[in-house]
Amino acid sequence: MHYKSPVVAIIGTGGGKSVLFILPALCLTGVTVVVMLLVLLREDIKSRCNKAGIGYIK
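All you need for this note's numbering is the position in the sequence shown, starting with 1, plus 1099.
It should be emphasised that the hints constitute simulated quantities derived from the structure, not laboratory data. By construction, the Cβ of each residue, glycine as well, lies at the ideal position given by its N, Cα and C atoms. Incorrect hints may have been included.
Quick list of in silico lysine-lysine cross-link-like pairs, BS3-like style, CA-CA up to 25 angstroms [stated by the list, open to error]:
hint: 1; residue 1: Lys-1103; residue 2: Lys-1116
hint: 2; residue 1: Lys-1157; residue 2: Lys-1116
hint: 3; residue 1: Lys-1116; residue 2: Lys-1145
hint: 4; residue 1: Lys-1145; residue 2: Lys-1157
Restraint ranges, calculated between C-beta atoms of paired labels, are given here [stated by the list, open to error]:
hint: 5; residue 1: Lys-1145; residue 2: Gly-1113; range: 10 to 20 angstroms
hint: 6; residue 1: Leu-1139; residue 2: Lys-1103; range: 24 to 34 angstroms
hint: 7; residue 1: Val-1118; residue 2: Glu-1142; range: 29 to 39 angstroms
Can you build the whole structure from these sequences, using the hints too?
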């Protein structure tokens, strides 16, 4: 997980794309930046982060 290459993921609805940024946020030190453009998606991710004990700012 120490690679610096960009990742492009094309995964359908409900396919688990959130794991691509939630897992590194849980396992690695530092800051993970995620940009959410849709309000409903943002609220869903906020809820998931709360459940996983991941801090966030809006």
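Which hints from the list above does the structure break, by number from lowest to highest? Hint 7 is the one this structure does not satisfy, whereas the remaining hints hold.
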